[in-house]
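Student: Chain residues, written in single-letter form:
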Amino acid sequence: MMQEIPLTHILFVSTALFFIGMYGLFTRRNLITMLMSIELMLNSVNINFVAFNKYLFPDNLDGLFFTLFIITIAAAEAAVAIAIIINLYRSHQSIDVEDATEMKY
Amino acid sequence: MSNYFYILWIPLLPLATFVLLGLFGRKYLSGISGLIGTASLFTSTILSFIAAKQYFFVDGKVNGVFQKIVALKYTWLEFSPNVAIDIGMIVDPISVMMLVVVTSVSLMVHIFSLGYMKGEERFATYYAFLSLFTFSMLGLILSSNIFQVYMFWELVGVSSFLLISYYFNKPSAVAASKKAFIVTRFADLGFLIGILILGYYGGTMDIGLLIERFTSVSSAQYISITGASFLGASMLTWGLTLIFMGGAGKSAMFPLHIWLPDAMEGPTPVSALIHAATMVVAGVYLVARMFPVFSMDEIALNIVTYVGAASALFAAVIACTQTDIKRVLAYSTMSQIGYMMFALGISKNGGEQGLGYMASMFHLFTHAFFKSLLFLGAGAVIHKIHSNEMKDMGGLRKLMPITHIAFLIACLAIAGIPPFAGFFSKEEILTAAFHENKIIYCIALFTAALTSFYMFRLYFNIFWSMEASITAQDHNNHNLAANGNNSQDNHDHGEGTWTMKLPLIILATCAVGVGFIPFSQLVTADGKALATHIDWVFSIAPVVLSVLAILLAASFYKNQNDKSNKVATAFGGFYTAAYKKFYVDEVYLFITKKIIFPFIGQPIAWADKNIVDGFMQLLATTTAKIASLMKGLQSGKVQNYALYFFGGVVAISILLMYIWK
Amino acid sequence: MNYTILLHLRQELLLAALIFLLLFIKLGKDRSNESILNFINLALLVNLVAGFCCHETGELFNGMFNTNTIIVFEKNLLNLAVLLISMQSYAWLKTNNNVIEFYLLTLTSLLGMFFMISSGNLLMFYLGLEMSTIPLAAAANFDLTKRKSSEAAMKLILSSAFSSAILLLGISFLYGTTGTLSFSIITAHLNGNPLQLFAFILLVTGFAFKISAVPFHLWTADVYEGSPVAVTSFLSVISKAAVLFTLVNILYKVFTPLASSWYLILMVLTAATILIGNLFALRQDNFKRFLAFSSIAQVGFILIGISSSSQAGMASLIYFVLIYIFSNLAAFGVVSVVSALTGKENISDFKGFYKTNPMLSWVLTIALFSLAGVPPTAGFFGKLFLLMAGAAKGNYGIIIFAALNMVISFYYYLSVVKAIFMDENSTPIEKMTVPVVSKIAMYICVVGVIVTGLVSMVYDYIHSISFGL
Amino acid sequence: MNLTLLILIPLLTAVLILLAKGLQQIRVIGLTGAVVQLGLAGMLLNSFLAERAAGNKATYLFESDQTWFKALNIHYHIGIDGIALSMILLTSVIVVAGILVSWTMEKLSKEYFFLLVLLSMGAYGFFISLDLFTLFFFLEVAVIPKFLLIGIWGSGDKTKSAMKLALMLMAGSALVMVGLFGIYYNTQSFDIVQITQHGIPVGVQKFFFPFAFLGFGVFAALFPFHTWVPDGHASAPTAASMFLAGISMKLGGYGCLRIVTLMPDAAHTYSWIIILLATIAIIYGAFATMMQTDLKYINAYSSISHCGFVILGIGMLNKTSINGAVIQMVSHGLMTALFFAAIGMIYSRTHTRLVAQLGGLLKAMPFISTVFVIAGLCSLGLPGFSGFVAEMTVFVGSWQNPNGAYRLATVLSGASIVVTAVYILRATGRAIMGPISTEHAVLSDATWNEKLAAILLIAGILIIGLAPFLINHLIMPSTDTIMLQLGKVVVGK
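Chains as they are written, first to last, in the working numbering: chain A, 1 to 105; chain B, 1 to 661; chain C, 1 to 469; chain D, 1 to 493.
These are computed hints drawn from the structure, not numbers from a lab.
By construction, the Cβ of each residue, glycine as well, lies at the ideal position given by its N, Cα and C atoms.
Fair warning: there could be bad hints in the mix.
[Said to hold, decoys possible] Estimated spans, in silico, between C-beta atoms of each pair: (1) D:Leu5 x C:Leu404: 20 to 30 Å; (2) D:Leu23 x C:Met359: 16 to 26 Å; (3) B:Lys609 x C:Lys431: 53 to 63 Å; (4) B:Gly572 x D:Leu462: 50 to 60 Å; (5) B:Ala651 x A:Tyr23: 28 to 38 Å; (6) B:Glu121 x D:Leu23: 33 to 43 Å; (7) D:Leu49 x B:Ile50: 17 to 27 Å; (8) C:Asn191 x D:His268: 50 to 60 Å; (9) D:Thr104 x C:Thr427: 23 to 33 Å.
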């Protein structure tokens with residue numbers, strides 16, 4: 001009977017995940033990759049919710065439900081985003097974020 | 001005490017004339033405007049004579065003392081319950097005397113101008129301005145409130161400005177008028193502050209009250225004003241000195257005299273009226289009006305005395321060297337006013353020592369007549385010759401006999417030769433000076449000699465020196481170069497119209513006659529009659545001196561010779577200095593053009609453009625600069641946006657956690 | 001079952017019904033744009049009127065959705081704004097062949113906002129927020145062929161996704177520390193421990209992003225510039241308003257225990273927002289970009305009002321939003337007409353505008369004056385009341401700061417007026433014939449700008465229904 | 001007597017102007033409106049004096065008080081005292097004159113007259129307000145028309161000047177706003193009457209007085225916030241300059257006066273600063289004027305100097321000086337309007353305002369030149385004109401202040417009248433007198449409308465100058481109440 005993992009570990013993982021995602025968002029040029037890094041961040045949040053729900057407030061399921069909704073919405077977001085990226089590719093012939101900097105200052 | 005209210009009409013008639021001519025003169029009444037002006041002034045002259053008769057010989061005197069009668073008093077502008085400007089009329093010996101002087105001289109000038117200014121384009125305007133001046137001068141005389149004096153003071157100033165610049169397309173005239181106004185304005189600043197001082201401590205602006213309060217040593221006001229002091233001098237001294245400064249400005253006392261000679265740019269009758277007989281003596285009148293207060297303060301009186309004496313001498317010296325006849329007359333005016341001033345200065349308030357006061361007034365009176373006569377005579381001459389320069393004149397006695405006689409009488413009068421008017425008044429002054437202050441007496445005596453010298457220099461230069469024939473042909477050349485004062489008048493006239501001769505004759509008779517008026521019975525400091533007698537022994541000295549001076553002048557200038565030049569060269573530097581009016585004008589010019597303009601005016605103007613306004617501009621430009629510096633924030637790269645976003649989060653968290661602690 | 005649910009949800013249901021109707025129209029045989037547009041505008045008008053019919057307080061789904069007088073009023077404001085926008089974009093949509101899609105997107109987003117405003121629960125709030133954001137991202141890309149449009153859409157979707165990630169992190173921590181998602185319960189559990197505070201900050205930044213407060217504003221200008229004018233005005237007025245309403249609700253109702261700390265946050269945001277907004281607005285030439293930054297500055301003033309945490313504060317906020325709808329939409333209306341008919345969107349193009357189009361010029365000028373806060377336009381009152389509310393806190397430093405910034409804002413508003421009236425231009429925008437519908441919309445805006453201020457009962461009503469801390 | 005008419009009639013006029021067609025209709029409507037206003041002001045004066053004669057001792061007459069924003073305790077509270085009334089009279093006269101001189105305004109005449117009327121409405125509203133909020137409201141209403149008037153119809157570097165003017169005035173009103181907030185949150189009211197009754201805590205006064213006073217000071221061209229004046233006046237079209245100098249600078253002075261009354265303690269604390277600034281403005285303005293070469297700049301800078309007297313009078317905080325300040329406001333309004341009118345007439349004929357290029361105009365256009373000279377003489381404080389009365393009252397008043405430094409200030413400002421003489425005479429001597437150039441010799445004299453405008457203004461100047469007791473009786477009671485306010489403190493100290 002192994003003793004269970006403390007909450008802090010999980011939080012640590014999720015936080016790490018979040019910042020990895022953020023790092024990706026800041027550094028990657030490819031729009032798709034940037035979108036994926038955002039998904040990472042969202043997922044880290046999901047982990048948070050689940051963990052909190054499981055460890056601290058196991059008697060109701062708010063966190064889990066929230067997670068479900070986040071996943072759904074992330075999907076919707078991704079759908080729209082990808083549509084936009086495709087359109088961007090049409091007009092710019094590239095999905096490099098650096099190429100889409102016409103509007104500035 | 002009977003009613004003097006009708007005196008109100010004396011100033012009001014000229015005012016009405018001014019309004020009438022000013023509004024409709026140019027268009028409708030251009031032809032008859034001269035007559036209108038003269039008629040209305042004639043009426044006021046009659047009125048003032050009536051007033052004089054009534055005051056001096058009917059009911060002015062109550063048990064041996066001439067009363068101060070306030071004929072009218074209306075609160076015009078109330079500053080605070082007891083300090084106010086009242087429009088009032090005060091009737092007392094000097095005001096009545098001045099009424100007579102101003103109205104009669106002004107009348108003479110009006111008549112003279114009918115001929116002199118004939119055919120001028122702005123004839124109506126000229127008479128409008130004359131009336132305005134007469135009105136303001138009369139108002140000044142009658143003022144019962146020191147602020148009222150100041151108001152009319154300014155008004156005479158501006159009307160003199162308007163009249164000097166009558167030939168407004170002559171730059172020199174414009175410049176002269178500006179100079180006159182600004183210099184007197186500067187002096188008036190002192191006057192104003194003086195008024196403020198007296199009014200503040202006296203708690204009133206009414207002259208009567210002021211005198212009453214400041215002459216009683218025990219009154220609270222007197223104690224407070226003498227108690228308060230500034231830079232070592234008591235406030236009374238300051239107040240009086242500043243008021244005298246105003247008077248000095250108007251009366252062209254040294255060093256505020258510089259405007260008077262230039263003021264001769266105006267038409268000659270104007271010079272006769274304003275710059276010889278009436279306005280320039282306003283300063284003397286002011287001091288006389290406030291005399292009881294002046295007599296309470298030794299220092300102020302001394303200032304009056306020495307400024308007066310200095311100006312008398314100074315002007316006389318310069319007068320000997322000038323060649324422009326009007327300028328000579330101007331300086332002689334200044335010199336004579338100096339006489340009046342120091343006569344006041346050495347006087348006491350009443351009693352035997354009050355002689356100076358009476359003498360000063362007397363001289364003011366006589367001077368008005370013979371000096372205006374001189375100017376009108378000069379006017380007649382200039383009218384003929386079209387030049388002010390002595391060298392263009394000579395031998396005119398044949399061409400214009402009446403002018404010649406009148407001019408001679410006037411010269412004798414001013415030189416103080418008995419029995420002409422000048423003699424009596426000057427004697428009184430000298431007597432007073434002799435009793436009070438020997439130094440002044442010597443200066444006065446010397447000045448008297450100088451006076452008769454330069455007057456006869458003038459006289460001989462105009463009417464003798466060259467022969468008539470030469471002048472005639474000489475004068476024709478000058479017709480060719482005639483300056484455009486009155487371009488369209490015919491050159492073959494003799495002495496001009498009767499309207500120009502008549503005033504000369506009348507004034508000449510006055511110059512002879514007025515000396516015999518028993519002035520000491522009428523006009524004295526304290527209103528009591530003053531027993532004076534002409535001491536023939538005493539008057540030997542001045543008369544002899546004058547005669548000698550006249551003979552000297554005769555020998556120099558009766559017929560052409562170069563004695564005068566010899567003497568001039570003998571004097572050398574001093575002569576040129578005097579000829580250059582001792583460089584006072586240059587000093588003024590230096591101060592204004594070389595100091596005030598470049599070192600105060602321009603720096604301020606520059607600072608306003610570049611510092612004050614520049615600062616506002618700077619704010620704008622810096623804002624714009626900052627804005628353009630920050631534009632990099634909006635890089636257009638969505639990743640940077642996210643980065644800044646996160647940065648913001650971190651920053652706020654740190655800030656808040658920090659403050660939270 | 002009882003019908004209160006219908007009553008409480010009636011605005012949302014109406015909207016949903018309208019959306020479905022549009023879907024069916026889309027599926028049905030195609031009609032002329034004019035008829036469709038007229039129908040839609042009519043429907044929106046009905047929707048607006050119906051909103052006013054009756055308001056009552058109540059809650060549904062055990063507190064997830066609640067409604068009361070003020071919330072209904074806020075929703076009505078949004079309805080009004082949508083109606084105006086749709087009327088103004090008539091000229092643009094008439095020639096567009098995806099009219100219905102445009103409305104589908106915008107109305108859906110509006111529906112999301114309704115839910116967000118009424119949300120009584122973090123989950124509902126999040127759903128509403130996303131529902132209002134994602135369609136807009138698509139709408140921003142509505143000019144499929146324009147490069148700028150797609151770039152704008154990309155920027156919007158990415159940054160909003162990022163911000164929602166941050167927001168979610170905050171929510172998760174909040175959940176972790178309080179153990180609940182419903183607002184009514186959270187308040188009790190707020191004890192202000194650091195983690196909670198951090199979570200709250202993250203939450204607030206989510207809001208700050210939507211209302212484009214500095215430094216979370218950077219997407220605004222680009223998106224506004226790139227997207228079609230209709231969408232821009234939708235973004236700048238409606239979504240901003242909705243989020244502001246929600247923000248003030250949450251701050252005043254839920255996070256009362258943290259009042260002192262959110263006051264500080266608001267102060268920091270205000271200072272930064274006003275200053276940066278002004279400084280950037282100074283140097284813009286593209287009209288939409290200019291309005292973007294000016295609206296950022298406006299948000300700064302709004303935050304001052306909110307910070308007062310008093311009834312007057314909330315009232316002045318809603319009042320200002322109302323005025324802001326009128327004035328900003330009047331401005332956007334002119335811009336949209338001009339850009340639809342001539343394609344010109346730069347301020348420099350407006351030089352000499354008055355010579356050719358006096359009517360539009362006056363509309364634009366009045367709108368700008370109202371934005372600048374010049375009497376007698378309503379903007380004066382709006383701004384003044386916001387600052388007054390803020391001044392109640394006694395923190396005059398920020399008031400003086402704002403007052404001085406008002407001067408800067410005057411500069412750029414007036415320089416637009418200067419361009420319209422004073423600058424010479426050899427080739428001004430030629431005379432245009434404005435569609436009647438758009439004209440009506442503009443007139444409504446102008447009348448609103450004039451009346452809302454001078455007629456005091458508007459403010460007094462809002463004040464009576466709003467609440468403070 | 002319903003004061004709201006003073007706002008409604010301009011409003012009506014403006015609307016009618018918008019509906020009118022063609023210059024002829026427009027200007028007739030404008031003039032009619034202005035004349036009606038003038039008549040109204042006259043009736044107002046009449047009934048005001050009647051009330052006073054009937055022994056109505058109330059501080060403000062014809063009061064009416066409606067709640068405007070109930071929730072914020074903002075009222076539409078109007079009423080006038082002698083000071084406000086004299087300001088209203090001034091405004092009405094200047095408006096008529098201004099419309100007359102812009103009789104032949106071809107360019108965008110509709111907008112032009114509309115804005116003029118709007119501006120006048122702002123001024124009227126400002127002067128009748130007894131509620132600080134409405135006061136502020138009308139203060140700002142009057143700003144934007146100026147911007148447009150200068151920017152559209154102006155001359156020279158018009159847009160820059162217009163922008164500068166608008167921004168500086170807006171900055172001023174921003175300061176005012178802060179001050180008003182301070183008052184509001186410490187008295188829970190904007191109502192001047194109530195505030196004067198209850199008073200404001202001293203600390204609050206000390207903090208907020210500078211904002212409010214300096215804010216209004218910007219409008220009154222207080223040094224160093226005067227830089228909008230020269231450019232603004234110089235670039236503005238004639239009527240706008242007249243309104244600007246004649247009316248809107250008075251808004252500032254009036255506001256300053258009200259603020260001083262509201263915050264007596266602070267006023268006493270800061271009076272030395274006020275006096276310092278005012279004295280600087282007077283001297284500095286005078287000397288700066290001396291260096292100007294453009295007639296409009298000359299008048300603009302001299303306005304700075306003259307408005308300094310207003311501030312000085314207010315700063316001296318005694319009855320006479322405040323009387324003087326009020327009279328100076330009216331006098332300067334009329335005088336400077338007249339001056340600008342004359343300059344405008346000259347400019348419209350000679351197309352130059354540079355003194356050096358003018359000369360001898362008295363020959364070609366005697367009427368205009370006479371008007372110019374009269375304005376000049378009034379400006380240098382010649383007795384018989386209003387300037388003398390005003391300045392002398394200020395001097396006497398400020399001299400009553402026994403403090404030595406204040407005496408010095410008085411003397412220095414007194415010295416400015418000499419400088420004034422210098423620059424006025426320089427301008428007159430060069431432009432009006434002297435030889436005339438040939439192309440100017442043929443120019444025509446004033447037309448009937450210009451003559452009418454000039455005569456109207458001159459009449460005003462003369463009435464005050466010759467019968468100052470009239471205006472004195474009008475404002476004395478109000479200044480008495482002001483002194484009562486200021487006196488409360490002195491007793492307290």
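Student: Each hint should be assessed against the structure and marked as holding or not.
Tutor: Hint by hint, here is what the structure shows:
no., hint, in the structure
1, D:Leu5 x C:Leu404: 20 to 30 Å, "violated, 38 Å"
2, D:Leu23 x C:Met359: 16 to 26 Å, "holds, 21 Å"
3, B:Lys609 x C:Lys431: 53 to 63 Å, "violated, 43 Å"
4, B:Gly572 x D:Leu462: 50 to 60 Å, "holds, 58 Å"
5, B:Ala651 x A:Tyr23: 28 to 38 Å, "violated, 19 Å"
6, B:Glu121 x D:Leu23: 33 to 43 Å, "holds, 38 Å"
7, D:Leu49 x B:Ile50: 17 to 27 Å, "violated, 41 Å"
8, C:Asn191 x D:His268: 50 to 60 Å, "holds, 52 Å"
9, D:Thr104 x C:Thr427: 23 to 33 Å, "holds, 31 Å"
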